[in-house]
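Trainee: Add chain B to chain E, keeping to what the hints say.
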Amino acid sequence: MRPVHYWHCFVGIQTREWLRFWQQRTRFASALVRPLLWLVVFAAGFRAALGVSIIPPYQTYITYETYIVPGLCGMIVLFNSMQGALSMVYDRELGSMRVLLMSPLPRPFLLVTKLLAMGVVSIGQVYIFLLVARLFDVEPPAWGYLAVFPALLMAALMLGALGLLIATWVKQLENFAGVMNFVIFPMFFLSSALYPLWKMQEAGPWLYWLCQLNPFTHAVEAIRFSLYLQWNGTAVGITGAVTLVLAALATAGFRPQRTRILGARPANG
Amino acid sequence: MSLEARHISFRYRESPVLNDVSFQLDEGRFHALLGPNGAGKSTLFGLITRLLALQTGELLLSGQSLRRQPAAAMRAIGVVFQQNALDLDLTVRQNLLYHAALHGLSRREARLRSDRELARFELADRAADPVRRLNGGHRRRVEIARALLHGPSLLLLDEPSAGLDVASRDALNRHVRDLCADDGLTVLWATHLIEEVTLQDRVLILHQGNLLADGPGQALCDAHDESSLLHTFNRLTGAPKP
Numbered sequence: 001m002r003p004v005h006y007w008h009c010f011v012g013i014q015t016r017e018w019l020r021f022w023q024q025r026t027r028f029a030s031a032l033v034r035p036l037l038w039l040v041v042f043a044a045g046f047r048a049a050l051g052v053s054i055i056p057p058y059q060t061y062i063t064y065e066t067y068i069v070p071g072l073c074g075m076i077v078l079f080n081s082m083q084g085a086l087s088m089v090y091d092r093e094l095g096s097m098r099v100l101l102m103s104p105l106p107r108p109f110l111l112v113t114k115l116l117a118m119g120v121v122s123i124g125q126v127y128i129f130l131l132v133a134r135l136f137d138v139e140p141p142a143w144g145y146l147a148v149f150p151a152l153l154m155a156a157l158m159l160g161a162l163g164l165l166i167a168t169w170v171k172q173l174e175n176f177a178g179v180m181n182f183v184i185f186p187m188f189f190l191s192s193a194l195y196p197l198w199k200m201q202e203a204g205p206w207l208y209w210l211c212q213l214n215p216f217t218h219a220v221e222a223i224r225f226s227l228y229l230q231w232n233g234t235a236v237g238i239t240g241a242v243t244l245v246l247a248a249l250a251t252a253g254f255r256p257q258r259t260r261i262l263g264a265r266p267a268n269g
Numbered sequence: 270m271s272l273e274a275r276h277i278s279f280r281y282r283e284s285p286v287l288n289d290v291s292f293q294l295d296e297g298r299f300h301a302l303l304g305p306n307g308a309g310k311s312t313l314f315g316l317i318t319r320l321l322a323l324q325t326g327e328l329l330l331s332g333q334s335l336r337r338q339p340a341a342a343m344r345a346i347g348v349v350f351q352q353n354a355l356d357l358d359l360t361v362r363q364n365l366l367y368h369a370a371l372h373g374l375s376r377r378e379a380r381l382r383s384d385r386e387l388a389r390f391e392l393a394d395r396a397a398d399p400v401r402r403l404n405g406g407h408r409r410r411v412e413i414a415r416a417l418l419h420g421p422s423l424l425l426l427d428e429p430s431a432g433l434d435v436a437s438r439d440a441l442n443r444h445v446r447d448l449c450a451d452d453g454l455t456v457l458w459a460t461h462l463i464e465e466v467t468l469q470d471r472v473l474i475l476h477q478g479n480l481l482a483d484g485p486g487q488a489l490c491d492a493h494d495e496s497s498l499l500h501t502f503n504r505l506t507g508a509p510k511p
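Residue numbers (our numbering), protein chains in the order written: chain E, 1 to 269; chain B, 270 to 511.
Bear in mind the hints are in silico, worked out from the structure with no lab data behind them. A few of these clues could be false.
As the list claims (entries may be wrong) - Covered, in the sense of this in silico footprint (three residues per stretch, anywhere, with C-beta under 8 Å from a C-beta of chain B), are these stretches of chain E: (1) 4-14; (2) 101-115.
To be verified - Interface residues of chain B toward chain E, partial, derived using beta-carbon atoms under 8 Å: (3) T318; (4) L320; (5) A370.
Remember, predicted model here, so these are calculated numbers, not experimental data. All residues carry an ideal CB built from backbone N, CA and C; glycine is no exception.
One chain only, chain E, in its complex shape:
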């Protein structure tokens, strides 16, 4: 297969995700309700309780809404990527996965392209959310919207690869509720999405270190800094490295027979 074949395949997978997005636009729109509730209700309630001091990348005192918007962008990517990756090997996308895996192109390429395509679609939702957030006076610099794209893409790929890894190896997590309780919620709450890490350090050093070990923390910080046109080498480096490791593990360790992609269990004939 020549590079042009890879390109046609890449474009085909991206196109399909956008077509599905367009067909299911009401479902995607409803997925925006969750972060908006956090922004409008949760942030309003916590604004008084949680004071946010001047911390990088911000150069002045900020509202709590301003603080949590990058975290909520991460939340959109987190939920969408995990849900998308799980649906690849469970119910919703089984047929499509069978078709995908029949391609003559290498499976790691197909899987990474598919994860990227799902990531790009969820980034579309992040941008819609960022536009809505402007109504609540969360106004990052204009170039920040462009600068944040690579950080969002990296986060989406990292979380999608994690979802694929979980779905391939952990048989007990057979529904999204299990993944919510054991993966998504701990990742989200043990991160800097809702509160700065120095607050966590005040609460207890072990909590702080758990947050530091959580790759989602670094993904959120990469999003936060790039949205405000600042460079955070540690966050980008850690997110990038974890993305590479998870994508390599998820694609190299992917075995269709460990999933339900065959439809019936092989033992059924």
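Mentor: Same frame as chain E, now just chain B:
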């Protein structure tokens, strides 16, 4: 394109699913893989399509190992799965174009080929319809059109008539036989329905993971001194006579 299976065995955890299965398909011929539910047909298809990893034995496509040349094999094989593998939200044409892209075809080439296949399967007027709006028979035709889009020489169909009414089932069966005769396509049609198989077909009978018989339908009947394929099948598999 000839497919050869050499001593294929497969276990799922502790349960053996295929036991030392060997056969070689004839080029350009219709083959029926006949077996009751649980015989190992889908597992065999899973191994040929690389959705399952080979444990023992070897699969060869025109003498080339499928394990060593997976890309060449996937280019040469078209598959219709037992369960629906179409995207119901996309149109018929979008489904075909997606499949073509996965095989590295350019958009222009994909359009040309999809137009040709849609015309051949009398689906041209449904090209812009979402698959969700098609009936079961039409969906199956779309799946076969899709499986042929990249120009394979071996077509695998895993219980393609499942869920279809008798008329649609017969039409589909006839259609695939025509393809086999007109295009020289090698076909492996897995089924548990004897009425989909004729005495002229080459029949492979799979039961509890063992290949019990392999040969032209008429020859199998003669060899077992039975008057019909159904009786031969029942005798071999130990099922009670109807």
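Trainee: A separate judgement is required for each hint: does it hold in the structure or not?
Mentor: Here is what the structure says about each hint:
1. Restraint check on the region 4-14 of chain E versus chain B: 8 residues with Cβ-Cβ distances below 8 Å, three needed, restraint holds.
2. Check on the region 101-115 of chain E: 7 of its residues sit with their Cβ under 8 Å from a Cβ of chain B, so the three-residue criterion for coverage holds.
3. With 8 Å as the threshold, the beta carbon of B:T318 comes within range of chain E, its nearest partner Cβ sitting at about 6 Å, so the hint holds.
4. With a cut of 8 Å, the hint placing B:L320 at the interface with chain E holds, because the nearest CB-to-CB distance is about 5 Å.
5. This hint holds: B:A370 has a C-beta 2 Å from the nearest C-beta of chain E, less than the 8 Å allowed.
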